[in-house]
Each structure stands twice: as structure tokens, then as C-alpha cells.
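Here's the letter readout for the chains.
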Amino acid sequence: MSASLLLDVNDLKVHLRLGHKVVKAIDGVDFQVRPGECVGIVGESGSGKSTMARAVTRLMPNVNIEELSGRLAFEGRDILGMADSELRALRRGRGFSMIFQDPLGYLNPTQRIGRQIQEALSRDAGRGSDKARVHTLLDEVGLPDAANLARRYPHELSGGMRQRVMIAIALASDPQLLFADEPTTALDATVQLQVLQTLYRLHKERNMAMAIITHDLGVVAELCDRVYVMRAGKVIESAETVTLFEQPQHDYSRRLIELSTRRLTRELQS
Amino acid sequence: MSAPIMRMTRVEQLYISRNANGPGWNTVRAVDGVDLDVNEGETLAIVGESGSGKSTLAKLLLMLNRPTAGDVQFRGTSLVSLGASGRQAFRRQVQAVFQDPASSLNPRMTVERMLGYIVQRHELATPRETRAFLAGHLAAVGLTPPDHYLDRYPHQLSGGQQQRIAIARAMMLRPAIIIADEPLSSLDVSVQAQVLQLMRDLHRATNVGFVVISHDLGAMESIADRTAVMYRGRIVEIGRSIYERPFHPYTKLLLDARLSLDPRRGRIRSLSATQVRAEMPEPMSGGCRFRHRCPLAIEICATADPALRPVGQAGTFAACHRADEVGASPRPAGAAAVERTPRPVET
Numbered sequence: 000m001s002a003s004l005l006l007d008v009n010d011l012k013v014h015l016r017l018g019h020k021v022v023k024a025i026d027g028v029d030f031q032v033r034p035g036e037c038v039g040i041v042g043e044s045g046s047g048k049s050t051m052a053r054a055v056t057r058l059m060p061n062v063n064i065e066e067l068s069g070r071l072a073f074e075g076r077d078i079l080g081m082a083d084s085e086l087r088a089l090r091r092g093r094g095f096s097m098i099f100q101d102p103l104g105y106l107n108p109t110q111r112i113g114r115q116i117q118e119a120l121s122r123d124a125g126r127g128s129d130k131a132r133v134h135t136l137l138d139e140v141g142l143p144d145a146a147n148l149a150r151r152y153p154h155e156l157s158g159g160m161r162q163r164v165m166i167a168i169a170l171a172s173d174p175q176l177l178f179a180d181e182p183t184t185a186l187d188a189t190v191q192l193q194v195l196q197t198l199y200r201l202h203k204e205r206n207m208a209m210a211i212i213t214h215d216l217g218v219v220a221e222l223c224d225r226v227y228v229m230r231a232g233k234v235i236e237s238a239e240t241v242t243l244f245e246q247p248q249h250d251y252s253r254r255l256i257e258l259s260t261r262r263l264t265r266e267l268q269s
Numbered sequence: 000m001s002a003p004i005m006r007m008t009r010v011e012q013l014y015i016s017r018n019a020n021g022p023g024w025n026t027v028r029a030v031d032g033v034d035l036d037v038n039e040g041e042t043l044a045i046v047g048e049s050g051s052g053k054s055t056l057a058k059l060l061l062m063l064n065r066p067t068a069g070d071v072q073f074r075g076t077s078l079v080s081l082g083a084s085g086r087q088a089f090r091r092q093v094q095a096v097f098q099d100p101a102s103s104l105n106p107r108m109t110v111e112r113m114l115g116y117i118v119q120r121h122e123l124a125t126p127r128e129t130r131a132f133l134a135g136h137l138a139a140v141g142l143t144p145p146d147h148y149l150d151r152y153p154h155q156l157s158g159g160q161q162q163r164i165a166i167a168r169a170m171m172l173r174p175a176i177i178i179a180d181e182p183l184s185s186l187d188v189s190v191q192a193q194v195l196q197l198m199r200d201l202h203r204a205t206n207v208g209f210v211v212i213s214h215d216l217g218a219m220e221s222i223a224d225r226t227a228v229m230y231r232g233r234i235v236e237i238g239r240s241i242y243e244r245p246f247h248p249y250t251k252l253l254l255d256a257r258l259s260l261d262p263r264r265g266r267i268r269s270l271s272a273t274q275v276r277a278e279m280p281e282p283m284s285g286g287c288r289f290r291h292r293c294p295l296a297i298e299i300c301a302t303a304d305p306a307l308r309p310v311g312q313a314g315t316f317a318a319c320h321r322a323d324e325v326g327a328s329p330r331p332a333g334a335a336a337v338e339r340t341p342r343p344v345e346t
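Protein chains in written order, with numbering that gives the first Met the number 0: chain P, 0 to 269; chain C, 0 to 346.
Don't take each hint at face value.
Derived DEER-like restraints, expressed as beta-carbon distance ranges [said to hold, decoys possible]:
1) P:H154 x C:I299: 30 to 38 Å
2) P:N63 x C:Q196: 33 to 41 Å
3) C:S49 x P:K130: 27 to 35 Å
Derived contacts from chain C toward chain P, CB cut-off under 8 Å, selection only [claimed, not checked]:
4) R9
5) L13
6) A131
What the hints contain is simulated information worked out from the structure, not anything from laboratory work. A virtual CB, placed ideally from N, CA and C, is assigned to each residue, including glycine.
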């Protein structure tokens, strides 16, 4: 295993049992993230992109899993065989975090924003009071008036602000890798642009690696260094972003790119 | 140009709800004085961010909402004055397609029963001929062989197939217009392209008009004859060429927010040095409702609420004091993505 890899996934398989059928949600996927890089995972619905992120971060509900195998290493440590306490330590300090499409579904409606961020803070000593750290985080993700905002409840915020709160919670543990599953799909275009800009700035400032799962090739073109194209549980193509857009090797990738670009023109009409 | 088939005059829609955190009532002016003509056989797109009132506008056109003020007319007759028979005739002429096809199809009926009911209700075919009638309409929306789909339940179909069923259901009645509220947003890109193509084909074959509500400017650019941009309950710009030449700063903002599909020309990487802060929603208070977000706001914007007025080429209207300056400025940055010609693929 190369030491320069932050995350190294080899031959990952996730087979789910649905009734009597077995669905090969992930069927032998290799996936790597180097420290400080931004990787995109694109695919249409059902391609397995979200399942992969969940398997890698060990957020899979294990009720219907028929098979979960492969080699999953974070900084050389095996994630799949890791004890829960070790995993918790990895999530709480300098490990990985995850943000989701629908922030409202992951925020506690009865708790103030500040408290929810505080709960996720890493336990490193000597970095100021919890309150000050919460305010710094709120400020860092581009939310105005941190002191006031920390006392608000999730329902008082707009969708874009909630997603920024989710990002603040994810950053509270100072992760080396941030998984973002469709981070801006539920947001308006103007807000999407702001949130993506914020993510990119944090990625650069903190030298934090990002893995962005999206169906939107625009997000990939704007942010990612490398891309994995997924279809039906397999990675069908992986390449540098520029290479993928200019010389897609696989028919399916080419088709996705063509459809996305052509929609912007009236070519299809003729 | 032919006479408008639907006409909205000074339409307002208020939603009133109990205040969640205390006594009193909240009033939301979802649609706030809209004048709009829908022409026979045209594809009219209505775009805007969430909360701009575009779905409420769709409900008003479908007579699912009664306007608080103003009038909605269909072929010169006011919808509020329609009797029972007039309403049924109206429903045949104006049909709906919704965002989430799974929830607009009855999960407990097969496609044949679900659509067959409508055939009987509107006496489109005799009971004996119903199946053949339905098969013809499913084939017309690209579901072939139709028999394969007639006996299925909605959950046995993919999202794209479900949306085709919803479109077939609307088309069966030979409507003059279909009002489609976010018909693409629950579909994958490749399926979106197919549904857009289907809408174009149906339009060409039957001259059915579409009013398409969407937040996706890219998709609308490829299909719309005219586009109306809504902001906080108002139409702020309407015209044929808003994508190439916007006259309202909000339209420009929306166009600029589109992501580039050229990794060499991405804008986020270059903009990332600047901290972009979330904005607190500003309360509405006189003047132009966009002025808090507007980079061009001047004194007059705080005092006078701009009305829609003709700008640029005929048929384009914008509600902005400085529309002419916006229209004269260079093309929006988002257009860079459009100009990009795909490089030849080397294999």
C-alpha cells in the first residue's frame, strides 16, 4: 500500500438483500483519495455512489447486507475490521466527516445550532473555549453574526444556511477527508454557487481532501481534480477531470458529458 | 400572434397561516400582482428560485387555487365564473404534469385501471375499445410495447417511465395546454433529455402548448419559446431571449450562477479567495423587492417599485429601473459554458 494515499479502497463489494433478490449495489470498486485532493464521484441514481460513501465511512445500516467485503484503508488502517471505539476516535479527530443532501434531516430540530456544533468538536485541548471555537467555525463557513446564529434553531435558517451549519459540524472534528453526498442538490442555483465556493475555499485553506458525490457534472468540472464515473455498482472510468471532459474513454461517460453540455444549447431541438 | 389562450390579470394569491411562535397570523403574498398571457401552442417557461411563487402560479392556471385578487381567464372566460360543465370542459383543455410522478400516480391501480378510469369519465372510448385506446397513447409517449406497461403498477416502473405515463394521462384528453410543474427535477440527466425530447415531439405533432415551471435554466433554454422569471411573487422579466440578453439583474444573477461544464474555465476555483457569506432574508418593504441583493441598486430602487416595461426587442419586458444598462452589458459569464464546443473525441 502506498503511504501517499489517505484513503485506499480495493475491490469493495456491497451486496444488499432485497426480499429474495440480492442486489449488487457495489460490485468490486477501487477508489483512492490522496491527502488534500478533491475527488468527484458521478453517476445517475442507482449507480451506487451514495452506498459507496456510506460503506467507506461505515455508516451502512447492517440489516440487509448480504456481503460487505474488500480492503478499506484510511491512512493505512483497516476501516472494515475496526472496532467501534477506534472508528469513533477517527470520526472525532483528524479522520473523516460526511455531509448530506438534506441538512434538515440530520440536524436536531430541538437543539440550538451552537450546541449541535459544540457536540461535534474534537477533544484536543488548548484551543480556546468551546464557545469561541463554535463561533470561529460558524464564521469560517461563511455564516454572518456567529454569536446570534449559534442561538438559533435549524427551522429558523434557510436551506443554504443549514447546509453551512452541516459543514461546520463536519469540520468541527478537523477532518482530513470530507465526504459530501450531493451537498448542493437541494439548493437554489445562486445558493449552490455560494456553498460550493465555501467548500472549495475550506478545502484549500485547510488542505482537507474532499470526495464529492454528485449527479451534476457541473459540480465536478468546477471543483474536482479527479473523477470516478460510476454505473450499476462499478467504476467504469476514472481520470483527471480535464481528461475526462476532453477525452472520455467510455461511451457512457461521453454520453453523460454530451447530454449535460448539449442541454445548454438548442442543438437537441433539430 | 394568435390570441392568448390563458390570461392572468393583476393576480394575487395570499396564504394565511397561524404564527408558529406566538399569537397572530402570518400572511405570505406568494403571487403579488402578476399579468401573464399564455399563447396558443407556445412553450412558456417560468423560472425562479424556491419561494418565488412559480408553483402557486401553476396552481392558479390549473384552477387548483382560487386567486385572492385578480382574474384568470381561459379563452376569454373567467375561471371563477365557470359552472360545473364549464369546469369539466376546462379540465379537458388544461392538463397537469407534476414533479414527482410516483406520488401523482395511484400506487394501488395498474396503469390500465388508472388511465381507463379517465377514459370512461370523459367518454373518450367505449369500454371495449379502452385498452386499444390506451395502448395508442402509451406508444405515443414512447412506451413500447404498450401492453407491457398497461398491466403494471407504478412501483414496477422507473422514474422516467412513470413520468411518461403522467404525460400520456395528460395527453389523452387532447388538451390545449399542459401545465408541468418541475417535470424534470426528479429525473436523471439522461432521462431528462428524453422527456424534453418527448415534449418537443408532442408539441410538433399536436401543437399542444406547455407551461413549464422549473428552476433549471439550462433545460428551459433548450425548450422554451418564451421565459418568465419570477422573484418574490412577481414576474421581473419575460421574453424570448433572456438567456442571451438579460435585462433584469436577477435574471443575470441566475444565469451567472450556472456551473461551467468546462474544467479549464471553472469559475469557483478563481473566485474561491473571496469569502462568500450567507445572506439573511430581507423583509419586504417598499421599493424594488430585489434591491437588497442587487449590485446595481440606487436611490430610486428604495422608493419606487419598478413595473414591467418593454425593453430591447419586441415582446421583452423587464421590471428594473436600470434595465437598459443591464441589457447593454456584456453577456453573462454562464454563457461561457454555452460557447464551449466539445473537442473531438479521440479514440
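Hint check:
As the Cβ distance of H154 (chain P) to I299 (chain C) is approximately 36 Å, the hint placing it in 30 to 38 Å holds. Between N63 (chain P) and Q196 (chain C) the C-beta distance comes to about 37 Å, which sits within the given range of 33 to 41 Å. Judged by the Cβ atoms, the range 27 to 35 Å given for S49 (chain C) and K130 (chain P) holds: they are separated by roughly 33 Å. For R9 (chain C), the suggested interface contact is broken, since its CB lies about 27 Å from the closest CB of chain P, more than 8 Å.
Below 8 Å, beta-carbon pairs count as interface contacts, and L13 (chain C) has none with chain P, the closest being about 22 Å; its hint is therefore violated. Violation of the interface hint for A131 (chain C) is found here, the shortest Cβ-Cβ separation to chain P being roughly 32 Å, above the 8 Å cut-off.
When the structure is compared with the earlier hints, violations turn up for hints 4, 5 and 6 and for no others.
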